[in-house]
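Student: Sequence:
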Amino acid sequence: MKVAVYYANDDVRIEERPKPTAGPGELVFRVHASGVCGSDVMEWYRKPKAPVVLGHEVAGEVVEVGPDVAGFAPGDRIVATHHVPCGECRYCRAGNEPVCDLLRTTHFDPGGFAEFVRLPAVNVERGTFAIPDDMSYEEGSFVEPLACVVRGQRIAGGAQGRTVAVLGSGMAGLLHVLWAKASGAERVLATDVHPFRLEAARRAGADVVIDASKQDVPSAVAAANDGRGADMVVVSTPAPQAIAQAVPCVDRGGHILFFAATEPGVTVPFPLADLWRDGISVVTSYAGPPDDLRAALDAIARRRVDVGPIVTHRLPLDRAQEAFRLVIDAGESIKVIIQPAE
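Each number in our numbering corresponds to the 1-based position in the sequence shown with 3 added.
Take these hints with a grain of salt, some might be off.
[Stated by the list, open to error] DSSO-like, lysine-lysine: derived pairs with alpha carbons at most 27 Å apart:
#1 22 / 50
#2 5 / 22
#3 5 / 52
#4 22 / 52
#5 184 / 217
#6 5 / 50
Simulated from the structure, these hints should not be mistaken for laboratory data.
Treat the numbers as computed from the prediction; the structure is a model and nothing was measured.
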């Protein structure tokens with residue numbers, strides 16, 4: 004089978020590998036849609052693990068089921084997550100599934116940028132879900148990234164009845180806009196420096212869009228929100244200027260959610276006295292545990308969240324290098340989908 008092997012951001016090669024087979028408790032599926040995640044192009048994170056087949060935002064069709072698999076059969080349409088928690092350790096019991104040891108070691112074989120993927124038994128058991136016939140594979144590929152957003156906003160107090168400011172309107176930021184709107188936010192504000200992404204945020208339902216290249220963001224947030232900061236500020240970009248804007252943008256008693264990772268070693272100064280005085284909570288979030296995956300799947304299936312307009316490019320597997328370049332350049336591209344079955 005064909006796979007796209009990552010060596011570096013500018014070195015993604017199409018190679019041949021044996022098609023995987025399903026062992027006990029496992030299944031193999033044909034990948035129909037695999038989204039390129041922003042984390043796939045974080046070279047500081049990916050290059051030390053190269054060569055590697057990336058791709059974890061996937062949806063496809065089951066082609067082989069191993070012994071002892073219950074609930075799935077060839078022909079089933081599925082989504083799956085690469086990282087699954089055990090559900091039993093002290094971290095999972097406390098609701099901190101992303102730091103579970105099992106979650107940090109589970110993965111696909113080989114990765115979603117391949118024609119076929121083998122799901123280990125634990126992934127089948129804890130992280131694989133059927134999708135309805137009227138959900139496209141493309142829509143299904145959003146279940147994992149949306150689940151990460153669901154968890155992030157959940158641990159930041161939820162959006163219902165609150166004002167949410169999303170700093171950075173790339174793919175993750177747009178999912179935050181969509182989920183906040185679907186969750187009953189009173190007002191959603193979105194920022195970016197690129198006109199294309201600002202317009203995408205407007206189409207996603209942001210009540211106010213703020214051009215961070217021309218406006219003072221904290222002042223613009225207050226002007227759009229009855230003179231006060233947002234109840235929840237989501238920082239969905241590692242850009243230093245967005246990180247610096249978070250505290251001035253949040254209201255007393257509010258939450259700041261840092262959703263994007265910086266490179267290792269980067270330190271960020273915080274006005275601790277302001278956080279203490281104003282009762283501001285700072286949280287981070289990574290991954291989407293099973294309950295959040297189910298919530299994301301349900302929201303997409305019921306069309307509470309319409310992910311279709313976020314997709315700007317669809318490319319076959321043999322153009323994977325081009326797909327990576329589109330995500331890296333981040334010009335007039337937002338979500339790039341690789342379609343290995345095409």
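Student: All hints, please: hold or fail.
Tutor: Against the structure, the hints:
Between residue 22 and residue 50, the direct Cα distance comes to roughly 25 Å. Compliance with the 27 Å bound is thereby established for this hinted pair. For a cut-off of 27 Å, the pair hint linking residue 5 to residue 22 stands: about 9 Å separates their Cα positions. At most 27 Å may separate the alpha-carbon atoms for a hinted pair to count; residue 5 and residue 52 meet this at roughly 20 Å. A distance of roughly 22 Å separates the Cα atoms of residue 22 and residue 52; the hinted pair therefore holds under the 27 Å criterion.
The suggested pairing of residue 184 with residue 217 holds, with an alpha-carbon distance near 26 Å, which does not exceed 27 Å. Using a Cα cut-off of 27 Å, the hinted pair residue 5 and residue 50 holds, with the two alpha carbons roughly 21 Å apart.
The structure shown violates none of the earlier numbered hints.
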